[in-house]
Structures are given as structure tokens and as C-alpha cells.
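Residue numbers (my numbering), protein chains in the order written: chain A, 1 to 273; chain B, 1 to 111.
Worth flagging that the hints you see were computed from the coordinates, not collected in a lab. There may be inaccurate statements among the hints.
As the list claims (entries may be wrong) - Derived lysine-lysine pairs resembling DSSO-like cross-links, with alpha carbons at most 30 angstroms apart: (1) B/Lys18 to B/Lys73; (2) B/Lys86 to B/Lys108; (3) B/Lys108 to A/Lys38; (4) B/Lys73 to A/Lys33; (5) B/Lys100 to B/Lys73; (6) B/Lys76 to B/Lys45; (7) B/Lys100 to A/Lys38; (8) B/Lys76 to A/Lys38; (9) A/Lys38 to B/Lys73; (10) B/Lys58 to B/Lys45; (11) B/Lys86 to B/Lys76; (12) B/Lys9 to B/Lys76; (13) B/Lys9 to A/Lys33; (14) B/Lys76 to B/Lys18; (15) B/Lys108 to B/Lys73; (16) B/Lys9 to B/Lys100; (17) A/Lys38 to B/Lys9; (18) A/Lys33 to B/Lys58; (19) A/Lys33 to B/Lys45; (20) B/Lys86 to B/Lys9; (21) B/Lys73 to B/Lys45; (22) B/Lys9 to B/Lys45; (23) B/Lys58 to B/Lys108; (24) B/Lys58 to B/Lys18; (25) B/Lys58 to B/Lys76; (26) A/Lys38 to B/Lys58; (27) B/Lys45 to B/Lys108; (28) B/Lys86 to B/Lys100; (29) B/Lys58 to B/Lys9; (30) A/Lys255 to A/Lys165; (31) B/Lys86 to B/Lys45; (32) A/Lys33 to B/Lys108; (33) A/Lys165 to A/Lys33.
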Amino acid sequence: MVFIHESSECHTLEGQLVTHLDHIVSRVILLAKLPDNKHRREVAKELRAHLDDLGEESRSQGYDDEATARIVRIRFGDPHEVAAAFAFVYAPERWARRILQAAILVAVSTVAVGLVISTVQSIAAICTATSVLSTLRDIHHEVFGLAAIAAGYCSLYAGERLFPKSLARALLSSVTLGLSLAAVLAWLIPQHVALPLAAFTCAASGRLLQRVPIPFVWFAGTALPLLIAWMLFGRLLPGWQFPWLVWLGLTISCKALREIVRLFERGCVEDFA
Amino acid sequence: MAFDRELLKGSIALLILKLLSERDMYGYEIIQESVRRSQDAFEFKEGTLYPALHQLHKRGYLRSEWRTGETGKQRKYYSLTAAGRKAAHRTEQEWFSFTKVVNAILSKANS
Chain A
1 MVFIHESSEC HTLEGQLVTH LDHIVSRVIL LAKLPDNKHR REVAKELRAH LDDLGEESRS
61 QGYDDEATAR IVRIRFGDPH EVAAAFAFVY APERWARRIL QAAILVAVST VAVGLVISTV
121 QSIAAICTAT SVLSTLRDIH HEVFGLAAIA AGYCSLYAGE RLFPKSLARA LLSSVTLGLS
181 LAAVLAWLIP QHVALPLAAF TCAASGRLLQ RVPIPFVWFA GTALPLLIAW MLFGRLLPGW
241 QFPWLVWLGL TISCKALREI VRLFERGCVE DFA
Chain B
1 MAFDRELLKG SIALLILKLL SERDMYGYEI IQESVRRSQD AFEFKEGTLY PALHQLHKRG
61 YLRSEWRTGE TGKQRKYYSL TAAGRKAAHR TEQEWFSFTK VVNAILSKAN S
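Make a model of the complete structure from these sequences and hints.
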């Protein structure tokens with residue numbers, strides 16, 4: 001409603017009628033999926049001025065508030081239709097904004113995962129009296145794994161946002177991305193496809209179990225896929241001698257990603273809705 | 001006379017561009033003017049007019065500006081850009097060609 005009050009500086013109509021006109025405008029703004037607050041304010045102000053003109057025209061013809069409200073409603077048409085037409089006009093801007101926001105989320109998530117994993121590896125190196133530099137020197141080899149953790153987590157989050165009423169659909173979108181990732185990785189790095197895929201699955205299932213309102217249950221989400229992957233491929237791959245360390249890195253990463261997603265929702269959820 | 005909605009949709013850009021080629025107007029004024037000129041035959045619905053105005057604005061055919069009228073009310077006036085003038089001329093030519101062809105077909109069919 002903030003958009004309406006900002007725009008109603010010089011209205012001559014009063015009382016119930018004003019509330020009625022505000023309601024029409026707010027319905028349109030709510031449903032129009034406009035790309036940002038600037039557009040929302042602009043459209044709200046413009047439509048409000050238009051409804052004022054319609055209202056004043058009816059009042060000047062001698063109609064009372066109730067009749068005027070009815071006439072305005074009929075002449076303005078269905079707010080859903082008006083909103084749908086605006087949504088169609090601004091669809092390219094809306095999608096561009098969403099894609100940009102998603103890209104920022106994935107980039108920030110990948111960097112955060114990189115920081116978490118390198119911190120965990122550094123601490124492990126210190127604890128085992130190994131050189132930290134030699135541990136971190138090869139971290140760029142794990143870039144696919146780091147990106148896979150961010151992708152796994154963010155893909156399920158994106159699915160939840162796209163299909164808020166259907167967990168099955170949300171999961172399907174995440175699985176589809178996982179399979180696509182598997183195909184690309186099998187082509188790019190056929191010898192090392194297991195680790196990024198396991199990381200993807202762990203992050204996605206971690207996110208899935210974070211929905212369960214029981215503390216620490218989601219630890220199992222990162223542990224189970226990792227355990228299965230370790231049993232199947234663990235002995236074949238370097239760096240998997242310490243699965244608990246991999247699990248720790250994954251779990252802390254999921255915790256960090258959860259906080260990043262929360263921050264993202266606070267900043268962007270209005271535009272995403 | 002009630003016109004088919006799809007028919008009106010196809011010609012709305014032309015009508016807006018032509019009306020604005022005469023003078024700057026705001027949305028309500030465009031509706032009033034179209035009602036007056038068509039002698040109440042049709043009027044734009046808000047659901048058609050405002051999104052169309054925003055679409056033409058996005059394409060660079062219109063510019064808009066908030067102006068305060070004598071009553072102290074603010075209104076968003078639309079005016080044509082140079083590209084809008086060209087588009088108005090081109091769309092008008094297309095419309096005349098189109099109606100000419102349609103009329104030719106209809107007159108043959110009726111004869």
C-alpha cells in the first residue's frame with residue numbers, strides 16, 4: 001500500500017471511495033509482477049490518477065459514492081486482466097532481473113563454499129602437521145566440486161521458489177540439473193565425475209532435510225549420499241581418505257549456504273515473488 | 001457497436017500513436033478522445049491502454065513526463081519521439097494498405 005499513499009497527494013475524493021480505488025490499484029500492483037519498486041510506484045501513481053478522473057467524472061454526473069465505486073469498477077475492468085497485461089509487457093525485464101539475481105546467488109554461494117572448504121582443509125592441515133600451503137595449492141582442482149555444492153543447494157532452492165506448492169516438482173528440477181551436470185562432467189572430466197556429483201547430491205539433500213523442523217536432522221542429508229559415494233568410489237579417488245573431513249566441509253558449506261539464501265530472500269524475495 | 005477485442009488489440013498501437021501525433025495526452029484523456037472521435041462506438045479499456053502505452057514507451061516510441069495541471073493534480077503525459085513519429089506514419093500506411101486489401105476481398109465476395 002506504500003505505493004498508493006505516496007501517489008495520493010492531490011485527490012479530491014474521500015472516505016470509502018478512496019479505499020475502494022486504492023484496493024483496485026493495489027490488486028493490480030500485487031498481481032502485475034512488475035520488475036522493481038520504481039515500476040510499481042510509477043504504475044500505481046498513474047492508475048490512481050486515472051481512477052480519480054473516472055471517479056470525479058461519475059461524481060460530477062450526480063452519482064453517490066456507492067454508485068461511483070460501481071461505475072469505476074465496471075469501467076476499469078477486471079484488475080486481474082490489467083495486471084496480466086502489465087505482466088506480459090514487463091516479462092523480459094522481470095526474467096532478466098531474476099537471471100541476474102540467480103547468477104549473483106550462485107556466484108556468491110560458490111565463493112562461500114570455496115572459503116569454507118579451504119578453511120576446513122587448512123584447519124585439518126594444521127591439526128595433522130601438514131603444510132597449509134601444499135593443501136591449498138591444489139584447491140583449484142576442486143573447482144568442479146565447489147561449484148557442484150553451490151549448484152546442488154541452489155538448484156533445490158530455485159525449485160522451491162519456482163514450485164512453492166510442489167516439493168516433487170522442486171526436486172525434479174534439481175535432479176534434472178544434476179543429471180545435466182553429470183553429462184557435462186562425464187564429457188569434461190570422465191575420471192573425476194564422482195566427487196562433484198556426490199557433492200551436488202549431498203548439498204541438494206542437505207537443503208531438502210533443512211526443511212525438517214528437527215535440529216541436526218539435515219546432517220544426515222549431507223552424510224548419506226556421501227557414504228554411498230564413498231562406498232562405491234572412495235578407494236578409487238584421491239582425497240577421499242578422510243570422508244569425515246569431506247562431510248564436515250559439506251555440512252558447514254550447507255549451513256553457510258542456508259544463511260546466504262536467507263539474506264538473499266530478505267533482499268530479493270519481493271522481486272522474486 | 002461492440003467491436004471484437006482482438007480486432008481492437010491489433011489497431012491500438014496505431015490509434016495511440018496517431019492521437020499522440022496531434023498533441024501530448026495522458027491515459028484518461030486518450031480514452032476520452034477516442035470515445036469522442038468514435039462517437040461512443042468504442043473506448044479503450046484500461047487493461048489494454050496502459051500496458052500498450054508502456055509497451056510503446058519501452059520501444060522508444062513514446063516519452064513520458066509527470067505534469068501538474070491547473071487543479072494541482074499530477075498526470076503522466078505521453079508524447080511521441082522521433083522514432084514514434086516514424087512508427088505512426090509507417091503503421092498508418094500499413095493500415096491503409098491492409099484495409100484496402102480486405103475491402104477489395106470483401107467487395108468481390110459480396111458482388
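To see whether the hints hold, each was checked on the structure:
For the proposed pair B/Lys18 and B/Lys73, the alpha carbon gap of about 26 angstroms is at most 30 angstroms, so the pair holds. A distance of roughly 33 angstroms separates the Cα atoms of B/Lys86 and B/Lys108; the hinted pair therefore is violated under the 30 angstroms criterion. Annotation: proposed proximity of B/Lys108 to A/Lys38 is violated, straight-line Cα distance about 53 angstroms (limit 30 angstroms). A hinted pair counts as satisfied when its Cα atoms are at most 30 angstroms apart, and B/Lys73 with A/Lys33 qualifies at roughly 27 angstroms.
Taking the CA atoms of B/Lys100 and B/Lys73, the gap is about 43 angstroms. The hint is violated against a cut of 30 angstroms. Annotation: proposed proximity of B/Lys76 to B/Lys45 holds, straight-line Cα distance about 17 angstroms (limit 30 angstroms). For the hint pairing B/Lys100 with A/Lys38, the CA-to-CA distance comes to about 44 angstroms; that exceeds 30 angstroms, so the pair is violated. As the CA atoms of B/Lys76 and A/Lys38 are separated by approximately 15 angstroms, the hinted pair is consistent with the 30 angstroms bound.
Distance hint between A/Lys38 and B/Lys73 is fulfilled; the C-alpha atoms sit about 20 angstroms from each other, no more than 30 angstroms. Restraint check: the Cα-Cα separation between B/Lys58 and B/Lys45 comes to about 20 angstroms, which is no more than 30 angstroms; the hinted pair holds. Pair hint B/Lys86 plus B/Lys76 holds up; C-alpha atoms about 23 angstroms apart against a cutoff of 30 angstroms. For the given pair, B/Lys9 sits about 22 angstroms from B/Lys76 by alpha-carbon distance, which is consistent with the 30 angstroms threshold.
Straight-line distance between C-alpha atoms of B/Lys9 and A/Lys33 comes to about 22 angstroms, which keeps the hinted pair within the 30 angstroms bound. The straight-line distance between the Cα atoms of B/Lys76 and B/Lys18 is roughly 18 angstroms, inside the 30 angstroms bound, and the hint therefore holds. For the proposed pair B/Lys108 and B/Lys73, the alpha carbon gap of about 53 angstroms is over 30 angstroms, so the pair is violated. The suggested pairing of B/Lys9 with B/Lys100 holds, with an alpha-carbon distance near 19 angstroms, which does not exceed 30 angstroms.
About 27 angstroms separates the Cα atoms of A/Lys38 and B/Lys9, which keeps this hinted pair within 30 angstroms; it holds. Restraint check for A/Lys33 and B/Lys58: satisfied, since their Cα atoms lie roughly 16 angstroms apart, inside the 30 angstroms limit. Restraint check: the Cα-Cα separation between A/Lys33 and B/Lys45 comes to about 20 angstroms, which is no more than 30 angstroms; the hinted pair holds. This hinted pair checks out: B/Lys86 and B/Lys9 have alpha carbons roughly 20 angstroms apart, not beyond 30 angstroms.
Between B/Lys73 and B/Lys45, the direct Cα distance comes to roughly 22 angstroms. Compliance with the 30 angstroms bound is thereby established for this hinted pair. Between B/Lys9 and B/Lys45, the direct Cα distance comes to roughly 10 angstroms. Compliance with the 30 angstroms bound is thereby established for this hinted pair. A threshold of 30 angstroms between alpha carbons decides the hint, and for B/Lys58 with B/Lys108 the separation of about 41 angstroms lies outside it, so the pair is violated. Between B/Lys58 and B/Lys18 the CA atoms are separated by roughly 18 angstroms; this keeps the pair inside 30 angstroms, and the hint holds.
Between the alpha carbons of B/Lys58 and B/Lys76 the distance comes to roughly 15 angstroms, so the proposed pair stays at or under 30 angstroms and holds. Restraint check for A/Lys38 and B/Lys58: satisfied, since their Cα atoms lie roughly 15 angstroms apart, inside the 30 angstroms limit. Restraint check for B/Lys45 and B/Lys108: the C-alpha separation of about 34 angstroms exceeds 30 angstroms, so the hint is violated. In summary, the hint linking B/Lys86 to B/Lys100 is supported, as the alpha carbons are separated by about 21 angstroms, within the 30 angstroms threshold.
Proposed proximity of B/Lys58 and B/Lys9 is supported: the alpha carbons are some 18 angstroms apart, at most 30 angstroms. At most 30 angstroms may separate the alpha-carbon atoms for a hinted pair to count; A/Lys255 and A/Lys165 meet this at roughly 24 angstroms. Proposed proximity of B/Lys86 and B/Lys45 is supported: the alpha carbons are some 26 angstroms apart, at most 30 angstroms. Restraint check for A/Lys33 and B/Lys108: the C-alpha separation of about 48 angstroms exceeds 30 angstroms, so the hint is violated.
Distance hint between A/Lys165 and A/Lys33 is fulfilled; the C-alpha atoms sit about 19 angstroms from each other, no more than 30 angstroms.
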